[in-house]
Amino acid sequence: MAVLKADFEACQGYANCVVAAPEVYDIDDDGTVVLLKQEISDEDRAKVDEAVSSCPTSALSIED
Amino acid sequence: MTDAGPADGPVPSVVVIVGASVGGVRTAQALRRESYQGRIVLVGAESDLPYDKPPLSKQYLGGQWTAERVALLTEDAAKDAEIELRLGVAAEHLDVAGKQVVLSDGERIDYDAVVLATGSYARPSPWPVESGVHVLRTIGDSKALADDLADEGPVVVVGGGFIGAEVAATAISLGREVTIVDPLEVPVGRVVGNEIGALFTDLHHRNGVSTHFGTGVESVEGSAGDLTVRLTDGQTLEAATVVVGIGARPNDEWLASSGLLVDDGVVCDEYCRAVDAASVFAVGDIARWMHLGHGERCRVEHWTNAVDQASCVAHNIAHPDDLRPYRPVEYVWSDQYDWKIQIVGRPARGTGHQLIGDLGRPADPDAATPRAVALYSDGAGQLIGAVIVNWPKALIASRKLLAAGTAFADAVAHLEGLAAAAPQPVRTDT
Ligand SMILES: Cc1cc2nc3c(=O)[nH]c(=O)nc-3n(C[C@H](O)[C@H](O)[C@H](O)COP(=O)(O)OP(=O)(O)OC[C@H]3O[C@@H](n4cnc5c(N)ncnc54)[C@H](O)[C@@H]3O)c2cc1C
Ligand code: SF4
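Protein chains in written order, with my numbering: chain A, 1 to 64; chain L, 1 to 430.
Honestly, I wouldn't trust all of these hints.
Unchecked claim - Distance condition first, Cα-Cα at most 35 Å in a straight line; then the derived DSBU-like pairs of lysine-lysine:
hint	chain 1	residue 1	chain 2	residue 2
1	L	58	A	5
2	L	58	A	37
3	L	400	A	47
4	A	37	L	143
5	A	5	L	400
6	A	47	L	58
7	L	143	A	5
Said to hold, decoys possible - Residues of chain L clear of chain A, computed beta-carbon distances all greater than 10 Å:
hint	residue
8	30
9	96
10	121
11	144
12	223
13	253
14	259
15	307
16	323
17	342
18	392
19	396
20	403
21	416
22	422
Unchecked claim - With beta-carbon atoms standing in for the labels, derived distance ranges:
hint	chain 1	residue 1	chain 2	residue 2	range
23	A	22	L	410	17 to 25 Å
24	A	22	L	97	24 to 32 Å
25	A	30	L	110	25 to 33 Å
If you are wondering where the hints come from, they were derived from the structure by calculation, not from laboratory data. Just so you know, even glycine gets a beta-carbon here, dropped at the ideal spot from N, CA and C.
Using the sequences and the hints, build the whole thing.
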C-alpha cells in the first residue's frame, strides 16, 4: 500500500488535486488540502499519480 | 515516406518532446506513468534545468521562493524516469516526412512520435530603450526584474492583465510606488466582463497602486533609473523601472519550414495531433486543438491546461488503439494582493452573471477577508463560467458544476446554499 503525504505549508488551495481525485483529496475552509485517505490501493494509483502531478506547488507526494 | 502516425501502427519506440517547460516535462512524466517503455528525448532551448513559470511574477519575483522551489525536473528525477535531456539547444526544423527533429547544433534526432511543446514568448516591448524596460517570461527575466525592483524608485507597469497585476502587487509589497497603464478602460473586463472587472481595478487602488486605464503609451525614453513614459493623453510618468506585460505569442515560427498547418498555434484535431501529420502532437500554449465540447479550436495559455493536455497526449501516444479526445474545463488562477483569484470555464462568453458574496473591502479591519463567486450564464441559461475569490469550497463546487454541465439557476442555488451553510469566517490575520 502506498502512503499519501501532503505539504500543508506549500499547498495554495488551487484544488487541482480535488478535481483529479475527489475521493482522495478535499480542501478545508481555509483552502488547505485535506487527505481523505492515508493509504491507497493499486487500482487508485494512476488517478492519484495524476492528481499529484497536477498540483501547481508540488505539495503532494506518494511514498511506497 | 508519408506520416501514417502511431494511431495506425504500434506504440512508437522513440518519442521526442520539443520544449522543456511544464507542457514538455509533464508529457515525459505522464508517458512513464502510462508505462511507456520506449526512449524519451526532451529538447529545450534554455540551458537552465526545467523550471515553473507562475511563481516568476509572484513568490519568486518577491524573493519568498528560491530557484530550487520553482524547479520542474531535476537531473536525478530525469535519470530515474529515463528521460534524456538535451538542454541549451533549440529545435530549428521539423522534417515531417523524414520524422526527424533538426537541432541548432546540426544534430538530427529520429522520432516515431514528436510532441511540440515550445509554448509562447512575451510580446516584446515596442519602445526600444537601452535598459530598465522588462518583459517577464523566463527565470532570467524574473531575476533581472527582481534586481531592478530592489532599487528605489517608481515602477510603471504597462498592461493591466494578470501578469501586469501580479507584478504590480509584488512591486508594491517590496515598497515601490507603482502605476499601471492600459489602453482598455477595464483591462480584466476582457476575461470576466466589465462589471466584475471593475472590482479588480478597485483592488489595485485599495492596495495603493495607481492606474491609468483607457490610456495608451506613446513612448518610453531614458534608461534604467531614469525613464520617462509618455501617455497618449499627454501626461508623463517618471519611472526607475518599466515592466511591459502586453501578452504572449506562440513559439511557432520555427515550424514554418515544416509545412505543418500553423495558424496562431499548431492546428490539431481533438486528440491533439497535428491535423496534417498523425505522428505530431502538441501540448500547452502552442496547441490549437479541436475542443469537442465547445465545437471549435482553442488555444489556452494556462498552466493547468498544459498539465492536463500533457496527460491526454501521453495517453494517446501510449495507447494508439484507445485515443481520447481532449475536452477540459478551463482553469486559471492568479494571486493579487490578498486575493486568490480563480477563473473556471469561459466567463468571457457569458451573457449575464450573478455575484454571490461581497468583494468590497469593509471599513472594519476586523471584518472577514472578502470572499465571493461570480457565476456566468450563457444565452441558453447554462452555467458557462465562474470567477472565485478567496473561497476554496466555491472553487471546488464551481469546477464540479461546470464539468457536469449545470443550469445557471441550479448553480446559483447551489452556491447560495454553500454561502448560507458556511458563513464568512472572521478575519484573524490582521
Ligand atoms: C510570469 C508568468 C506567470 C504566470 N502565471 C500563471 C498563473 O498564475 N496561472 C496559470 O494558469 N498560468 C500562468 N502562467 C502561464 C503558464 O505558465 C503557461 O501557460 C505555461 O508555462 C505553458 O507551458 P508550455 O510548456 O506550453 O510553454 P512554456 O512554459 O512557454 O515553455 C516552452 C518552452 O519551450 C522552449 N522552446 C521554445 N522554442 C524552442 C525551440 N525551438 N526548441 C527547443 N525549445 C524551445 C522554451 O525555452 C520554453 O522552455 C504564467 C506565465 C508567466 C510567464
Ligand atoms: S492541487 Fe496542490 S495546491 Fe492545490 S489544493 Fe491540491 S495540494 Fe493544494
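Structure-based check of each hint:
1. Between residue 58 (chain L) and residue 5 (chain A) the alpha-carbon distance is near 25 Å, which keeps this suggested pair within the 35 Å criterion.
2. Taking the CA atoms of residue 58 (chain L) and residue 37 (chain A), the gap is about 32 Å. The hint holds against a cut of 35 Å.
3. Restraint check: the Cα-Cα separation between residue 400 (chain L) and residue 47 (chain A) comes to about 17 Å, which is no more than 35 Å; the hinted pair holds.
4. Among the hinted pairs, residue 37 (chain A) with residue 143 (chain L) is inconsistent with the structure: their alpha-carbon atoms are about 40 Å apart, more than 35 Å.
5. Using a Cα cut-off of 35 Å, the hinted pair residue 5 (chain A) and residue 400 (chain L) holds, with the two alpha carbons roughly 24 Å apart.
6. Distance restraint check for residue 47 (chain A) and residue 58 (chain L): the Cα-Cα separation of roughly 30 Å lies within the 35 Å cut-off, and the hinted pair is therefore satisfied.
7. Annotation: proposed proximity of residue 143 (chain L) to residue 5 (chain A) holds, straight-line Cα distance about 32 Å (limit 35 Å).
8. For residue 30 (chain L), the non-interface assignment is contradicted: its Cβ lies about 7 Å from the closest Cβ of chain A, within the 10 Å cut-off.
9. At roughly 30 Å, the least C-beta separation between residue 96 (chain L) and chain A is larger than 10 Å, which holds for a residue marked as non-interface.
10. For residue 121 (chain L), the condition that its CB be more than 10 Å from all CB atoms of chain A holds, with the nearest at approximately 21 Å.
11. Remark: the non-interface label on residue 144 (chain L) is consistent with the geometry, its nearest Cβ contact in chain A lying 24 Å away (cut-off 10 Å).
12. Every CB of chain A is more than 10 Å from the CB of residue 223 (chain L) (nearest about 36 Å), matching its label as outside the interface.
13. With a least CB separation of 29 Å from chain A, residue 253 (chain L) remains clear of the 10 Å interface cut-off, as annotated.
14. A cut-off of 10 Å between C-beta atoms confirms that residue 259 (chain L) is not in contact with chain A; the least separation is 34 Å.
15. With a cut of 10 Å on Cβ distances, residue 307 (chain L) falls inside the contact zone with chain A, its closest approach being about 5 Å.
16. Chain A leaves residue 323 (chain L) outside its interface by the beta-carbon criterion, the shortest separation being 18 Å against a cut-off of 10 Å.
17. The claim that residue 342 (chain L) is not at the interface with chain A is violated, since a C-beta of that chain comes within 10 Å of its own (minimum 7 Å).
18. Against the 10 Å criterion, residue 392 (chain L) falls within the reach of chain A, whose nearest CB is about 4 Å from its own CB.
19. Consistency note on residue 396 (chain L): stated as away from chain A, yet its beta-carbon is not over 10 Å from all of that chain's, at 5 Å minimum.
20. Distance check on residue 403 (chain L): its Cβ comes as close as 8 Å (rounded) to a Cβ of chain A, failing to clear the 10 Å threshold; non-interface status is violated.
21. The Cβ of residue 416 (chain L) lies farther than 10 Å from every Cβ of chain A, with a closest approach of about 17 Å, so its non-interface assignment holds.
22. In this structure residue 422 (chain L) is not separated from chain A by more than 10 Å, as the shortest Cβ-Cβ distance comes to only about 6 Å.
23. As the Cβ distance of residue 22 (chain A) to residue 410 (chain L) is approximately 19 Å, the hint placing it in 17 to 25 Å holds.
24. In this structure the hint that residue 22 (chain A) and residue 97 (chain L) lie 24 to 32 Å apart at CB is violated, the actual value being about 45 Å.
25. Judged by the Cβ atoms, the range 25 to 33 Å given for residue 30 (chain A) and residue 110 (chain L) is violated: they are separated by roughly 51 Å.
Violation of the numbered hints given earlier is confined to hints 4, 8, 15, 17, 18, 19, 20, 22, 24, 25; the remaining hints are satisfied by the structure.
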